[in-house]
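Participant: In terms of my numbering, the sequence shown opens at residue 5 and continues consecutively.
It cannot be assumed that every hint is accurate.
EDC-like mimics (lysine to aspartate or glutamate), calculated; alpha carbons at most 20 Å apart, straight line [unchecked claim]:
1. K87 x D142
2. K180 x D161
3. K162 x D138
4. K87 x D138
5. K87 x E128
6. K120 x E190
7. K120 x D138
8. K103 x D175
9. K120 x E176
10. K129 x D161
11. K76 x E94
12. K120 x D134
13. K70 x E121
14. K92 x D165
15. K110 x D142
16. K92 x E128
17. K180 x E123
18. K182 x D161
19. K114 x E94
20. K76 x E98
21. K120 x D175
22. K182 x D165
23. K182 x E128
24. K77 x E94
25. K120 x D142
26. K182 x D134
27. K129 x D168
28. K114 x E176
29. K129 x E176
30. K180 x D165
31. K114 x E98
32. K110 x E98
33. K114 x D168
34. K114 x D138
35. K114 x E190
36. K182 x E94
37. K182 x D168
38. K114 x D175
39. K87 x D134
Worth flagging that the hints you see were computed from the coordinates, not collected in a lab.
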Amino acid sequence: MRANYLFCALFLSFTLFSIVEVNKFSSSQLQNREEEKIEKPVVQKQLQKKKESELTKSKTPLVTKKEITLAKKQKKECQSAQKTITVKNEITTEMLSYKHWSGTHKPTFKLSVNGKEIEQGNQEKITVQDNQLDIRYDYSFANGFRTGATIVSCQLDKNADAVDITFSWQDEWRIKTKQAQPQKIETAAYSA
Numbered sequence: 005m006r007a008n009y010l011f012c013a014l015f016l017s018f019t020l021f022s023i024v025e026v027n028k029f030s031s032s033q034l035q036n037r038e039e040e041k042i043e044k045p046v047v048q049k050q051l052q053k054k055k056e057s058e059l060t061k062s063k064t065p066l067v068t069k070k071e072i073t074l075a076k077k078q079k080k081e082c083q084s085a086q087k088t089i090t091v092k093n094e095i096t097t098e099m100l101s102y103k104h105w106s107g108t109h110k111p112t113f114k115l116s117v118n119g120k121e122i123e124q125g126n127q128e129k130i131t132v133q134d135n136q137l138d139i140r141y142d143y144s145f146a147n148g149f150r151t152g153a154t155i156v157s158c159q160l161d162k163n164a165d166a167v168d169i170t171f172s173w174q175d176e177w178r179i180k181t182k183q184a185q186p187q188k189i190e191t192a193a194y195s196a
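Using the sequences and the accompanying hints, generate a full structural model.
Facilitator: Below, the structure is given as structure tokens:
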């Protein structure tokens with residue numbers, strides 16, 4: 005019986021020992037998990053900051069200082085290439101009229117420079133880029149029987165700050181000015 009008692013005591017002590025160890029393991033696991041819950045976000049934030057700092061250190065800047073300086077210089081050059089001049093429409097009705105066997109006729113006529121219309125005898129401030137003038141004239145003869153539009157591209161003289169425009173049907177460019185030299189002529193529209 006004594007052997008049974010010893011056996012039972014041994015069995016009970018082993019069982020208690022294993023329960024205590026399981027509880028220790030479980031409580032240590034719980035403690036570790038709680039620590040992980042607390043430490044995990046902190047560690048993740050630290051890792052994220054470290055990664056971000058490594059990325060910013062390793063990346064070369066998208067635009068270098070040299071490129072920024074060059075862009076600023078080009079912007080200044082572009083601004084200097086753009087200027088405002090005064091353009092005066094000095095085209096008279098006598099310059100536009102034409103003689104026909106049926107008499108002298110005066111067409112309707114519109115003049116625009118760089119997209120801005122200028123009435124006969126008036127002047128306008130026009131913005132010019134790279135000393136380029138695009139002079140467009142629209143005309144209509146015989147109550148709309150013959151209509152058309154022509155664009156004359158001119159290179160403005162470098163020092164010119166004003167342009168006076170005249171017109172002649174006999175001139176090959178038709179648009180005449182002393183301050184700008186015609187470069188190209190283009191028929192924008194025509195119907196007869």
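Participant: Now tell me, hint by hint, if it's right for this structure.
Facilitator: Hints, one by one, checked against the model:
At roughly 26 Å between alpha-carbon atoms, K87 and D142 are farther apart than 20 Å, so this suggested pair is violated. The straight-line distance between the Cα atoms of K180 and D161 is roughly 14 Å, inside the 20 Å bound, and the hint therefore holds. A threshold of 20 Å between alpha carbons decides the hint, and for K162 with D138 the separation of about 16 Å falls inside it, so the pair holds. Restraint check for K87 and D138: the C-alpha separation of about 15 Å stays at or below 20 Å, so the hint holds.
Under the criterion of a C-alpha separation no larger than 20 Å, the hint pairing K87 with E128 is consistent with the structure, at around 14 Å. Proposed proximity of K120 and E190 is supported: the alpha carbons are some 18 Å apart, at most 20 Å. Annotation: proposed proximity of K120 to D138 holds, straight-line Cα distance about 10 Å (limit 20 Å). Restraint check for K103 and D175: satisfied, since their Cα atoms lie roughly 16 Å apart, inside the 20 Å limit.
A hinted pair counts as satisfied when its Cα atoms are at most 20 Å apart, and K120 with E176 does not qualify at roughly 24 Å. Restraint check: the Cα-Cα separation between K129 and D161 comes to about 17 Å, which is no more than 20 Å; the hinted pair holds. Among the hinted pairs, K76 with E94 is inconsistent with the structure: their alpha-carbon atoms are about 40 Å apart, more than 20 Å. A distance of roughly 17 Å separates the Cα atoms of K120 and D134; the hinted pair therefore holds under the 20 Å criterion.
For the proposed pair K70 and E121, the alpha carbon gap of about 43 Å is over 20 Å, so the pair is violated. A distance of roughly 11 Å separates the Cα atoms of K92 and D165; the hinted pair therefore holds under the 20 Å criterion. At roughly 13 Å between alpha-carbon atoms, K110 and D142 fall within 20 Å of each other, so this suggested pair holds. Only pairs whose Cα atoms come within 20 Å are accepted, and K92 paired with E128 is accepted, the gap being roughly 7 Å.
Distance hint between K180 and E123 is fulfilled; the C-alpha atoms sit about 16 Å from each other, no more than 20 Å. At roughly 9 Å between alpha-carbon atoms, K182 and D161 fall within 20 Å of each other, so this suggested pair holds. Taken as a hint, the K114 and E94 pair is honoured in the structure, with Cα atoms around 12 Å apart against an allowance of 20 Å. At roughly 50 Å between alpha-carbon atoms, K76 and E98 are farther apart than 20 Å, so this suggested pair is violated.
Our distance criterion of 20 Å between C-alpha atoms is broken by K120 and D175, whose separation comes to about 24 Å. For the given pair, K182 sits about 12 Å from D165 by alpha-carbon distance, which is consistent with the 20 Å threshold. At roughly 17 Å between alpha-carbon atoms, K182 and E128 fall within 20 Å of each other, so this suggested pair holds. Proximity of K77 to E94 is assessed by CA-CA distance (about 39 Å); at most 20 Å being required, the pair is judged violated.
Taking the CA atoms of K120 and D142, the gap is about 13 Å. The hint holds against a cut of 20 Å. Restraint check for K182 and D134: the C-alpha separation of about 18 Å stays at or below 20 Å, so the hint holds. A C-alpha spacing of about 12 Å is found between K129 and D168, which places the hinted pair at or below 20 Å, so the restraint holds. Between K114 and E176 the alpha-carbon distance is near 19 Å, which keeps this suggested pair within the 20 Å criterion.
For the suggested pair K129 and E176, the alpha carbons sit about 27 Å apart, so the restraint of at most 20 Å is broken. At roughly 17 Å between alpha-carbon atoms, K180 and D165 fall within 20 Å of each other, so this suggested pair holds. Of the supplied pair hints, the one linking K114 and E98 holds, its CA atoms being roughly 15 Å apart against a limit of 20 Å. For the hint linking K110 to E98, the alpha-carbon distance of about 8 Å falls within 20 Å, and the restraint holds.
Taken as a hint, the K114 and D168 pair is honoured in the structure, with Cα atoms around 16 Å apart against an allowance of 20 Å. Taking the CA atoms of K114 and D138, the gap is about 14 Å. The hint holds against a cut of 20 Å. Between the alpha carbons of K114 and E190 the distance comes to roughly 16 Å, so the proposed pair stays at or under 20 Å and holds. Only pairs whose Cα atoms come within 20 Å are accepted, and K182 paired with E94 is accepted, the gap being roughly 12 Å.
A threshold of 20 Å between alpha carbons decides the hint, and for K182 with D168 the separation of about 7 Å falls inside it, so the pair holds. Simply put, K114 and D175 have alpha-carbon atoms about 18 Å apart, close enough for the 20 Å limit, and the pair holds. Pair hint K87 plus D134 holds up; C-alpha atoms about 8 Å apart against a cutoff of 20 Å.
Of the hints listed earlier, those the structure fails to meet are numbers 1, 9, 11, 13, 20, 21, 24, 29, in rising order.
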